[in-house]
Every structure is written in C-alpha cells, then in structure tokens.
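**Q** Spelled out from the first residue to the last, the chains are:
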Amino acid sequence: MIETCLDITLGLFALAMLLNLFRLLRGPTLPDRILALDTLYVNTIALLVLVGLRQGSTIHFEAAVVIAMLGFVGTVVLSKFVIRRDIIE
Amino acid sequence: MLEALLAIPFVLALAIGLLPRERRRTAAWLAGLAPVAGLVLLALLTPPVLSGEGVRSLTEWVPTLGLAVSLRLDGLAWMFAGLVLAIGGLIVLYARYYLSEEDSMPRFFCFLLLFMGSMLGLVVAGNLILMAVFWELTSVSSFLLIGFWNHRSDAREGARMALAITGTGGLALLGGVVLLGRIAGSYELDVVLAAGPQILASPWYPAALGLVLLAVFTKSAQFPFQFWLPHAMAAPTPVSAYLHSATMVKAGVFLLARLHPALAGSDLFFYVVSGIGAVTLLVGSWHAIFQHDIKGLLAYSTISHLGLITLLFGLSTPMAVVAGLFHIINHATFKASLFMAAGIIDHETGTRDMRRLGGLFKLMPYTGALAIIASLAMAGVPLLNGFLSKEMFFTEALEVEGHQFMRWGVAAAAVLAGAFGVAYSLRFVDDTFFGPGPLRIETTPHEPPRWMRIPVEVLVVVCLAVGIVPALTIAPVLHAAATGVLGDDVPAYSLAIWHGLNVPLMMSLFGLAAGIALYFGIKRLIDLYGISYDSLGRRVFEWKTDRAIAWAGRLTATLENGSLQRYLGLMVLAALVMGATPFLAASLSPGGSQPMPPLGWLVWAVGVAATLATVALHRHRLLALVVMGAVGLAVSLAFLLLSAPDLALTQLLVEMVTIALMLLALNYLPEESPVERSRLRRWRDAAIALAAGGGTAALVHAAITRPLDTVATEMLALSLPEGGGTNVVNVILVDIRGFDTLGEITVFGVAGLIVHALLRHVRLRPERVVDGTPDPLLIPNLVARLLLPLALAVSLYLFLRGHNLPGGGFIAGLVLAVPMLLQYVLSGTDYVEQRLGFDYPRVIGLGLAAALLTGLGSWLLGYPYMTSHTDYVAVPLLGKLPLASAMAFDTGVYLVVAAGTLLMLGMMGSVRAPGARRGG
Amino acid sequence: MKAWFPAPLLSLAVFVVWLLLAATLDPAHLLLAAVLAVLLPLAAQRLRGESAGIRRPLLAVRLGLRVLGDIVMSNLEVAGRILGRESKIHPGFVWIPLEITNPHGIAALAGIITMTPGTLSAELAPDGRHLLVHCFHLDDAAATIAQIKQRYESPLREIFP
Amino acid sequence: MSALMEILVCAMLLLGGGFALVGSWGLAKLGDFYLRLHGPTKASTLGVGGVLIAAMLWQLVQGQPSLRELLITLFLFMTAPVSAHLLAKAALALDPASRPADPK
Amino acid sequence: MSPHLVVAPILLPLLAGLLLLVLGTRRVQVQRWIGTLACLGGIALAGALALQADDGGTRVYLVGNWAAHLGIALVADRLAAIMLLATALLALPCLVFAAGGWDRRAPHFHVFFQFQLMGLNGAFLTGDLFNLFVFFEVLLIASYGLLLSGGRGLQMRSGLQYVAFNITASTLFLVALGFIYGLTGALNMAELAHRVGQVPAAEAAPLKAAAGLLLVVFCAKAALLPLYFWLPETYARSPAAVAAMFAIMTKLGVYAVLRVFSLVFGAEAGALAGLAWPWLLPLGAATLVLATLGALAAPSLRLLAAYLVLGSAATLFIALGLASADAVGAGLYYLVHSTLVGGALFLLADLVRKQRDNAGDSLRKFDRLGPKALLGSLFLLAALSVAGLPPLSGFIGKFSLLAAVPEAHVAWLWPVLLGTGVLTLIALAGAGSHVFWREGGEVPAAGRVPALRRAEVGATIALLALGVLLAVAGGPALRYAQDAGAQLMSPAGYIEQVRGALPRPGVSP
Amino acid sequence: MELALSSFIGVLVAGGVYLLLRARSFDVILGLTLLSYAVNLLIFSMGRLVVGKPPIVAEGLAPTLANHADPLPQALVLTAIVISFAMTAVLLVVAIRSRGESRTDHVDGDEPRPGDGP
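Chains as they are written, first to last, in UniProt numbering: chain A, 1 to 89; chain B, 1 to 920; chain C, 1 to 161; chain D, 1 to 104; chain E, 1 to 509; chain F, 1 to 118.
Hints are computed from structural coordinates only; laboratory data are not their basis.
Given the structure is predicted, the values throughout are model-derived calculations rather than measurements.
One should not assume that every hint holds.
Label pairs and their in silico Cβ distance ranges [claimed, not checked]:
(1) B:V675 <-> E:H4: 41 to 47 Å
(2) B:Q198 <-> E:A408: 40 to 46 Å
(3) A:R54 <-> D:A3: 16 to 22 Å
(4) E:R504 <-> B:D871: 24 to 30 Å
(5) F:A58 <-> C:E158: 23 to 29 Å
(6) E:L380 <-> B:E542: 20 to 26 Å
(7) D:D102 <-> C:V72: 49 to 55 Å
(8) B:E457 <-> E:G458: 36 to 42 Å
(9) B:A557 <-> E:G458: 35 to 41 Å
(10) D:S2 <-> B:L612: 26 to 32 Å
(11) B:L861 <-> E:T36: 55 to 61 Å
Ideal Cβ positions, reconstructed from N, Cα and C, are used throughout, including at glycine.
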C-alpha cells in the first residue's frame, strides 16, 4: 500500500512541478517566473524525500537539506535585483 | 690556420662594432689589420695550394644534419680569397679617406669586415650548407652596407631590394644544396664535386640546378634580376667598389665555378646558363651607354661583364672556364679602380651626373689618367688586361658547339657587346674628363688626398702589368684557380698578347671601331642627355611588392575581421567536420537502452522546455536567467536520479552562486540584447546549432549504449581499503586523482584573484540606478543572520563526512559561501566586510598551502607526492579518531573555494559608479 | 556566560542541528556539537546586531503550535478557494499598524503572517511601524487586522519584549 | 499498530501531495500575481511538510527512527516567508501602481 | 637523483605562487625576488630533468602512489624535458622584463606568472589526459590574469574574445575527454594507448570522432587554420612580458597534439593509428602561408611578432604532419628556437614602442628612435634568426626541417617553406628599415623618452643570447631533439614503462 | 533512458551553440553556461546510466560496478563544474570591464554600423 501511495504522491508532485514549469515559461511577469522557480525548488525537496523513501536510501537527504536551507537564495538575489538592480550594495 | 683566416674579419668586426663612434682612427686601423693579416695567412697557405693538394680543416657543428664547419682552400678558393682580401685592403684604405665626419666609421668598418668575412667564408667553405650559410651572410651584410646611408630613401630601398632579391636566391640555394646533398649523400664539397655523373643522372637534377642557378643569377645580377644592382649604387662608393667588382656579385659566378664539376655537362646547363649570360651581357652593356650617373654606368657595365662570365661558364668548355676565371680577376681590378675613381670625382665635385661633369682632366689630370687607363681596360683595348680575357672569350664564342642559332647568337652577342662596351667606356671618359664642364659645381675640384689615390694606382698598375706581361704576373694564379675548378682537365693555353692575326683579333678590332662609331653616332644623332631611363625591373618589383603587401593586408583583414562570432563559429564547424568525418565511412548500430524511470520524463520535460525557453528568451536577459535556473535544477535532478548525489549538490550550489554573479554583472550590462540585423546569420547559426546538438546527441547515444570496461572497477574496490573512504567520488577527488583537485583549486583561486585584479579600484557605470536609499530589508536580514550559524554547522558537517558520504571540501566551501553571499546581498558589502573582513587572497594562499603541504608530507615517509596516510589517534573519552591526510588536503579545498567565491562576490559587489563615494 | 553564549537559543539550535545531521548521540559528536554550539554563534554574532532574547519559551511553544494548527486549517480554506471559481476571490492589501517594536518580533510576525494562508506580508513600511499585508480573500479589513493583532502580535510582544 | 501507522503515513503523503498540487495549481491558474503568490508559498510548503512528516513516521515504522527531516522542515519554514516577502516586494517595485498608499 | 624531481617543476611555482599570496602584495621587491628565485629554480629543475631524460628512459612518477591507470602518473621523457626547459628559459627573462615596471601596474602579476608556469609544467609532465585538461585550465586562467590584469581599453575587448574563445575550446576539450573515457574506460594516456590499440576497426568511428574533437581543441590552442584568427590581435595587445610568455602557449597546443597523437593515436593505435597527421600537413602549410602574409602586411611591430609566432607554430605542424622521427626532431628544435626568439621579438617590440614617443611600434608612422644602434642590432639578430637566415638557430631549424621532408612532399612543401622564408625576410627587412632607418618627426626633447631600463634590455639580450647558444650548440641540441622525435615515434616503450610502473607497497590505509 | 538523456544533451548543446554564436557578451555567457550543463551531463553519462546506486561503498555490498554507479566520471564532472564556474566568473568580469571601456557589450567591442553585412 505504502508504495502505491508513494507513487501517487510522486505523481502529484510531478504534476505540481509541471504546473510550475508552465508558469515559469508562461510568465507573464518576472516575479511570476521567479516564484515558479522557487516553487520548483520547494517541490523538489519533497520529490527527493519521496524518491529516498521509495528507494529506501538516505542518500538524497543532504541535497534536500541544502535546497531547503539555500534554495531561496536564488529567489532572494533575483528579487533583490528586481527591486534595486544592484544586488550587493 | 684556415680557421684563423676566416675568424679574423669577424673578430675584428665585433671589436670595431663595440667601439664608440668617435674612435674613427682605431676603427680604420683595426679594419686595415684584417685584410693585411688575412693576406699574410693566405700567403703562408699558398705553397700547398699551388702544389695542388689544397688545405682542409673540419670542425663538427651539427653532425646529425651533416653540417660541419668544413673549410677547404683549393686554387679557386685561394684566388678568390686573394681577391677578396687584396681589394678589401685597398677599399679600407680608400674608405678611410672617403667617409665624412657624419658617417660612423666604426659602424661602416664593422659591416665591411662582416661582409669580407662572409665572402671569405663563402669561398673557403668546404661544405655545401656552410656555403649557403655564408652566402646568406653576404646578403645580410651587403644589406647593411648598401643601406649605410639610411637617412636616404634610395639607400633604404636599394638595400631592401638587394636583400629581397639576393635573400630569395639564398633560400633557393639552400634548397638546391640540400637536394644536391641528398643526391650525393653528403654535403661535403669533395664528395659532391666527385658525384657529378650521379647528379646529372638524378631525376632531381633539374630542380637542383634550377634552385642553384636562381641563387647564381640573383646574386650576380643576371637577367631578369639585374635591376637590383644599379639601385645598390646608393651605397657609399667604397661599398660599391667592393661589392660590385670583386665580391658580392662575384659570389654568383664563384658558385657557378665552384659547382661547375657537379652541375655542368648537361644541355640544360649549357643553354640556360649561356643563354642568360648572353642576354645579360647585351642588356647590361646596352643600358650602360645611356646612364648619366657614373656609378649607374659602371653598374650596368658590371652587369654586362658578369653576363660575360656567366656565358663563359655556360659554355662549359675547359678553355671557357679558364677565360671566365681570368675575366673575374680582370674585371675585379679595373672595375674596382673605376668605382674608386668615380668616388673621387663625386667627392671632389659633389656630383656623379655626367651631364654636369666634363673637362675634369684639366683639373685632376692624375686621377683622370688613371681612370682613363682603367676604362680602356674595361673596353678591352690591347695592352690592358681586359683585352686578354676578351680575346679568350671571342675565341670561345667562335667554338661554341650546339644549336646553330646558339653558335651564331653567341658570336654575334660577343661582337655587339664588345662594341657596346667600347661605347660606354668612351662615354665615361668623354663626358667626364673632356668636353665642356664641369657645370654648376660649387667647389673647385682638385686631386684627392695622396692616400685616397693609392688604391686606384695600385689597381691600374695591376691592369697594366697583367695586360702587358700576363705570363709573369697572372699565369700561376690563373692556373691554380683553373685547377681548382677543372682538376686535371686544365687545358693548355697561352697568355700572350699576340696570337697572330686571327678571327678573335679581327672581332676585337671590329668591336673597337664599331664602338667608337656607335658612341659618336649616338651622340650626334640623338640627344643622349635627354634620355632618361627608369628601370623597368625596379618598377615591376616595387609594384609587385606593394601589390602583394596590399593584397596580403586585405586578405588578413578579411580573414581576421575581429569577429568573435566568426571565430567561435569556425571552431564549432571544425568540430562538426572532425566529428562527422569518421562516420562517412562507417555506420554504427545503436545498442540497447534501459527503460526510463517514471520521474525521468519529468526531469527531461523540465530540462528541455527550460532550455528551449532560455534560448527563446535570451534577448530578455533577466528572464532567460530565471528560466535557466530551471535548467540547472533539471540537471541537478538528473544527477540525483542517476546516482550522483555529490554532483547534484555541487551543481545546485554552483547554480546559486552563478546566478548571483550573473545578476551582479547584469547591473553593468544592457537589460536586453538588440535584435541582430541579419536574419540569414540567425538561420545559419540555428542550422549549425542543430547540427552540433544532433551530432552530440547521436554520439552520446552511440557511446552510452555500448558496454564499458573501465578502470573505475578497481577504484571501487580499492576505495575503502586503500583510500580509507566509502564515498568513492570523494576518495577519487582527494586521493586517487587528488592532483586534479590541486589544479582545480588553483584555477578557482586564480579566478578569484583575476576578479580581484580586474575590479579593484575600478569604477563602472551601472546600466540603471534605482533611486532612493536601499531598503534595509529587515525581515530577510534577520532570518539570514539566524540562518548563518546553522548553515555553518551544515557546512562543517558536509565537510567532515565528505570522505564517506556525499559532501567534501568543495561542497562544504560553497555551503559556507552561499549564506555569506546572502549576508552580502541583504546587508551590503561594507557591513559584512567591516565585521567579517578577511583578506581573501591570503586565505586562498593559505588554502593552497594546506593542500600543497599535505601532499608534501608523504615525501618525509619516502612516498610519492600526495600519498595519503590515515592514522587513528586515541583520544580519551572519545575513542579512536581517524586522522587522514586526505582530510587536511580537503581543508585546503574548503578554504580556497570559500575564499575564492567570497572574493568574487565581494569584488563584484563593491564596484562603485564613477563619482560615487565608497559606502554611498 | 553571556560571553560564551551570546545567543543561547541559537547555540541550542546549532547543537540540535548538528545532532540531527549526524543522526547520532555518539559522545564524540555530542562534544563536537557542544563545541560548535559555542563557536558558531560566536562567529556569526559579529554579523548580527543584538540577540533576540526570547522571554517566555512556553508561550512561544504554544504560539508555534497554534500557528501550525492555523496553517493546516486555513490552508484547507485557501485550497478550496483556489479550486473554486476565481471570481469569488476578493484579494486586497491592508496596512497593519504594529505595536511590537522588537525587530525579531516583527520578523516572526511577518513570517507567521506569510505562512498562514490567506495572508502574506509584503512590506514593512519605512517607518517600521506598519506591515503591508496582502490578503487572499479580504472581506473585512478591520476584522483581519484585529485577528492578526490578537492571535499573533500580542503573544509575540510578550515573547520578544 | 503498524497498519494504522501505514494508513497515517499514506494519509500524510497524499495530503501533502494534494496540498502541493493545489498550491501549484493556484500558481498556474490564478490571474493575479499576488494571488498566485499565496498558493506556492504556503500550500506547497505545507505539502512538503506533510511529506516530511510521513517520511519520519515511515522511518519509525521501519525501525529506523530519524528526526533529520525535521531539519528540512525547519529550514523550509524559516526561508519560505522570506522568499514570499521579497517576491511581493519585487512585484510592488515593478508595478508601483498596485501598491497602496503609505499609512499615515 | 631524487625521484621527486619529476613532480618538483609543478610544485615549485605553486609554492612560489602561494607564498606570494600569503605574503601579500605590498612589497614588490620581495615579490620579484621570490619570482626570480622560483624561475631560477625552475631552470635548474628542468635542466636536471633534461639530463636525466637523456638516457632514453621514461621516468614515471605515481602521484598519490596509485597505479598509473588509476591515479595520475607524471611522465618525464625527452619531449617533456625539452618543453620544460624551453618554458623555464623563456620564463626568467620574461619575469625580469616585467620586473622593469609592468609588475607594479598589474595586480597579482607575480602570482599569475607562477601559476602559469605551474600549469605549463604540469601540462608537459602529466601522463593523464584529464590531468592535461586541468593543467591547461590552470595555465589558461593564469594567462587570463596576466593578459587582463592592469589592462584597459581595447585590451579588454581582445581579452574578452580570448577568454570566450578559450572557454569554448575547453568545453570542447571536455566533450572529447568524455567521449574518450566513455569509449575506452581509461584516462591515463599509456593505458589509453593500450586500449585504443585493441579497438576493432568496425567500432572505431566514434573514437575517431572523439579524437577529431581533441585535435580541434589542441589546434585551437596552437592556432591552426581556421582556428587562429583570434591570435594575432590578442598577442599584439598583450603586455610585452606576457606576450613573450605566450610564445610558449601556442607551442603547448603543438605539444599536446604531438604527445596525444603520437602516443594514444600513434604507431600502436591499430585501427586509429596516425589519425591526425593527414590533417596537419596541409593545414599547417596553409596557416604558414597566411601567417606570413599577415606578417608582410602587419602594421605594427608587435603584430608582426604575433604573426611570426603564429607562423612558427604552423611550421611545427608541418613537422608533425610529416610524422617521421627526423621531422619531429627538427620540429622540436625549431620549437625551442621559435619560442626563445618569438619571445625576444615581443620584448624588443615593446622596447621600441617605449622609445618611440608618438609612433609607438607602428610600422606606418615615423618617429625618432633613441638608442638606435643597440635596439637595431638586437632586432637584426632576432630578425635573422626568425627568418631562418644563417648562422642562427632559425637556420638550423629550417634546414633540418627541409632535410627531413620526404621526397614525395618536396615538390610542394619546399616552395612553401622557402617562399614563406623569403616573404618573412621581406617583411622583417621592411619593418626594420622603417623603424631603425627611416626617421621622421621631432627629435624628442631630452627626458621625454624614458631611458632604457637595464632589466628590460638585459632580458631581451638574454633571450637572444639563448637563441645564439642554441645555434652554436646546434649539434647536441638537434641530436637531443631528434632522439626525442625517435622516442615519440615509437611509443611502445613509453606505454610499457608507464603501465608497468608499480606503486610503492606498504601504505597503510 | 539513454535516448532521453542524449536528446537532453543534444538540446542543451544546440541551445548553447546558438547562444554562443550571438553577438552580445551576455548571450555568449548564457550559451557557455548551457554548454557547460551539457558537458557535465555528457561526461557523467559516459559512466553509463544507473539508477539508485550511488558510488558509496558499504558493507555487505560488493564494491563493483554492478552495485554502484561509475564514480570516475562523477569526479571528473565535479572538477569540470568547478573549473567552468571559475571561468564563467572571469568571463563575466571581463564582459563588464569590456563594456565599461568601450560602452558596448558587443563581443567585438564595436556596435555594428547599419549596412554591415552578415
């Protein structure tokens, strides 16, 4: 049962990521795209955890931690650029 | 002794070259020492030469090439060496008084001795390659001599022309002698000269002959290369006297004589050499009549006499060779004296233009007399040496064997040239010493200084002596030289003034009469002074060089148009060609595929879609950058799914820093790319891109569906027992292939330093400035600062366990750098660097030091560099802790990566706009 | 003590984070975690201004749980709205006047507002006294303001005096 | 016990996946940027949180209890608001007209 | 001699570089001393290696004590020794020249310089293809630093092109490396040679493609038609000491071609043997012709020097394309000669540029030249040598190459070699007579033209003197080069020795 | 799977090459970034594609390629990533300096004049 659930959940996340991709490509505004990218990152975390569960390994854990911890850096710098143009003032 | 003979001029040239400009007398004395000492040495060497055995010496230089400093003094070389030294000595004496105060005497004599040495080397060389060496040296040193008065444009041009023509010949000679050496099996002259029949029979003979003759004809100013010689008259007169009488131009005919045994004997040789010689003889002597410059007249006369000598060698009969050698000597003596006389006239009157000269005999009778005698020798008047060799020439001209046309042609040419020779000699004498004039001369010409006249006197005396008593004076010399060329085939000949009333004498007399008639006829019938010849050869040469240079310039500019697009496009195309060529001949069956894991398609879709979007959006840079973030994510995910967690982590982190860097750069770049005007180019590039992409994909597919037998199997097996780590990737990075990593962190550190070097103190105008003070961004700031210590913990964790699980120095370094980047972004450079200021370049240095020194540690234990050592240290309470040298190495990586990244970001962030104050 | 632990909670966090990462209670790691718990905050402290200084940990925990509950509950609500007709959504901005002054408190409040669905803190006014909040569905601005102030701001004011 | 746990895990998984999908659906569907911002920042975060809880529970069931996923949750909950906050600021900066007037 | 001698030429500049970093940039005098000492040390090390390699052996050094096919093996044979020595001999004068003042203007100059030496030495010594890539990158990035540091204006533009071009080439390098690993499963060149030799002809196509890509990369670095167009301007715009160092950079590409395509795809490569040579010969000849035309038309002395360097690389490709021991030997001799003389020409051009106030090193404008006699004689020496006129090293190089051309190619290759020699001669005569003979413009007021710096002149003279020495010692030098050529053309010994090198036992994990 | 990966690499290369041949420095940098993705994947894929078998040896699992992905290409890619990152950073800085000096971001340092051919 759990495996089926895992597969379904993976499917849900995959679908979610495709929707993010749609927004990323569609825009229309720049923050939209940044947001979509950010969400892609967030969903990736779940994806990694799920794949880990599915494969019974913890090898993806570090990647998940790093994305969770630093995944927003891209969003921050991009937003900062939109706001100020100069990201390091 | 032979070496000493050769070395003297060079050593003295060097010594003189180092003298200061004011030491004129010293320079002259030293310069005079060279020919004198040389002649003494030569005299000491004479007995063996005259006895026919010659002198040889050999010093190895480049034995693998068969190139040796092999010297060889036989009769021919001896005669030429004597000429070079004797006339050289007279020239030095003459030049001592000729050169004015403005001319740097040390420089002049340095060049002159260089030239003398080169000529000597050429004649005594016993190795073909060595001969080519000295041949080129004569070209170069004559270039310097002709261009001695380099403030004058005619001197510069003349020098360059001479160098271009004779230098070309020299390279041809090199080719020719290499061919000869190949045929004969050695470059040693003795071997080559003995291999005559072999050479004639070789299929390479025409090529070798052609190359050698090219050298001969260019050097000896034979038609159609004769035009450089008159332009070389821009040289100081001593130079002309030396180069165009005894040495430079004689080098060509010397070579002809030298290689005569090896090359002569074929119809090709006969027709080409004698034909060219005859044409040159006529062309030169005809042009000489119409020159107005004394030196120009003498130059063309030189050309014609060299044509005569060439013709004689072309005829190839032993007697002709003897006649050629004889004429070489005779021409050297009378022509050198004439040039010197011309120099005296120039010196005294300030002009060499015969249209302004005249009547000088009254003013300087002594010089006049000498010049007149020399011109008569040139004209071939009996009792002078010119007559004797001319007579021999006529004799030979009548005995030409071969084609009918050739026989009559040569005879006719001989008579005609004789007449022309008389005509221009007359013109010289008449226009210079007699008749009205001199005109428009500022000073009153008078006899030159005593010492300046002596060389002329000496030479004229020689002319007379040889002309009157040849058997007592020149016969042994000639005989020795002829033996050097012909060996035992020296014919019996007699050097007498009177051979009876024979056809050659008739020809001589007819020529004399015709020449006199011709001169006065021309003078009466046409306005001789009105004719002005522009040298066609020179015009063609200049036109050609100018055209060639312009064309080369255009071609270069067309190829190298400064367009990076073209350069990169060509590289891609080259790669396409090289990648595709092997498949033209072969086809490859695809191997089996594995099934796609379900998530694979997701990653594929994200990656492909985002890539295409990046390309589609590339003009809107910021958008493209965001979309490209998804490409990076897809790549990382692909790594993760395909069992490469380290790679995924690295890619993710690098992605973040890259985006930050690109944004930092984008601040100083336009937001959008303009549309490129050329639609064609875009389509073309798209086609190239598709081909590249398709090709790569096909090749990748072909490669990865094939089985692989890799060394990695062993690495997996050895990682834990030998490398002490379970994360094989990390073991490879810090141990098995740790040397790569050492290089890699060097690259990284240097990149940081470059950014530092390029942005320090630089002011750049941002593309657009947002007004107002920056928002403090309080909320993100607090979070980021809270995150920092936690991130540090994660970073350390990833670092410490990298050897066994995903992580390691590089990843950890970035995990340290990225949260720091956040601090920079949210708090600004000044804030961060005031509180956490590191001297990043120094930290990079320390990191490199850690990596380097760790590796060096194994030297102490007697192992190769970077051999890893692991030890367990017992610590109370904690038990045994591993202490691996690989870990220390990784510390270096960690430091360099963190410091390098922060240095880049910090520098990029601290660029100021022009006019802005720091901290503003 | 203060010198060694400028931010005790942060030190604790580091300690816990390390142990979580290492996933072990090995003495060696405990020691290492303790050392890091001292060192890392000290290092980071140079960048931070002053420490948060949480006063009432229990209240904080209670607030945390409440927020978690709110997150779940209102997420359901927002999910419903997302899946429903878009025309029924009435979004809007609202400025929430702040009484809390501690910057950490403001940050926490902004974070909570953002994490609880339906509201999103967009900007802190330049004066630092107002928070611009975007509401997913804004029926009654005053009610929303009051709810936020009551549910989150007042406990935060106690936690971050 | 374990069956119950298994069901719980499944529920958490599906709940998480559902939330994430809804969040992303909102991102894709909604017509206004600020609206779109709501979906991902919290629904997705929560969705991921759900998955993480499921993961921890599952590891408990498997007999390898682990709290490491908490770490992910911690970081995610710390950083997600910052992203949303900055994105909202960015949108306001790009379109100053949508920004309400400063409070008095 | 210590077995560590093989790795020392890489570590010494690294040590110097990091010392320079750690000590900071404040005291330029200290930096110069460190740099000079390191260069001197480099010469000593290279000389010792060259002596050692002359027994015909191939010394293998297993870095990290791993077997060659696993880890990274450094290999010192005659070829490596020649390259190391040429680099070391070029480096010291360049450094001294730069110490005449440029190093004050360019931040981190000494650091970059040492790292470039590290990269060069590493590239010459490594026996591993990927490691070769890494060292390529080390020296490239250092060269970016050297080129760009302190630069302004147009220098930045040509720098941009140079960097972009080289990064693209490096990318292609990686692609080729990837394929080669994917198709053979090894990276060590000897191991690769062994494995390539066993590839059946039917399966060879992808590997041939990979090798072709590799050839493109190396030729892009060495500047072969059609990949050289970027070179002349970049070199001409580089600071003199850097440009002079670049004289060895093109040679590095030549070296890489020679090493990889004589070893991995050389005599032992079975179906892939002799892959590169048919391309190199005609392309090298075409490049030589075009480079010579470029030299003929060059509007400045430095551009002229750049084209001559280009031409020398092309000549080397001709030598490689002939693929015989004699020709390669001739090429190696020519390589050393052209490196030294090419470097000297760049330095000389810079000396002239500084002395001619307004005209710089232009060959279109006129100006007075201060110390004409000295510079003129140096130029004469350099020009004679580079044009292949006797009795200098260029002549020996050119002559040995001519002698090594087999009869089948004589008919077209000799005219190319001799004809380009003539054109080079004309170009140099024109340039020399323009700069040193033709004068115009104002006599510079006293003090306006800076005095010649002793360091700069000394460095130039030293380089030229080395060239002369190479000619005088032509016998042993050429013998060494030809032995190296023979060693390269029969790679079996190399392969055997590297593959058979055993790590020292007894390391506890 | 092999086909999917190779097609992804192909798309990356095509996109990268197209951008590489553009006239603006930033476009070129974008192109190079795409190319470096492609290269990383390419080298990596040369160890053959393996799902779920990271190259981390563990007890009870024989250290062979049957149980682990090929670690060597991974190590190579790591090196390549780092190097290409360093190169990108340098290129970016040169690009902005070049723009600062010549006021254009055209890679040839000159704005094309109207009428210039392709």
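**Q** Does each hint hold? Answer for all of them.
**A** Going down the list of hints, with the structure as the test:
no., hint, verdict
1, B:V675 <-> E:H4: 41 to 47 Å, "violated (59 Å)"
2, B:Q198 <-> E:A408: 40 to 46 Å, "violated (21 Å)"
3, A:R54 <-> D:A3: 16 to 22 Å, "holds (20 Å)"
4, E:R504 <-> B:D871: 24 to 30 Å, "violated (18 Å)"
5, F:A58 <-> C:E158: 23 to 29 Å, "violated (50 Å)"
6, E:L380 <-> B:E542: 20 to 26 Å, "holds (24 Å)"
7, D:D102 <-> C:V72: 49 to 55 Å, "violated (34 Å)"
8, B:E457 <-> E:G458: 36 to 42 Å, "violated (50 Å)"
9, B:A557 <-> E:G458: 35 to 41 Å, "holds (37 Å)"
10, D:S2 <-> B:L612: 26 to 32 Å, "violated (47 Å)"
11, B:L861 <-> E:T36: 55 to 61 Å, "violated (32 Å)"
Hints 1, 2, 4, 5, 7, 8, 10 and 11, counting from the list given before, are not met by this structure.
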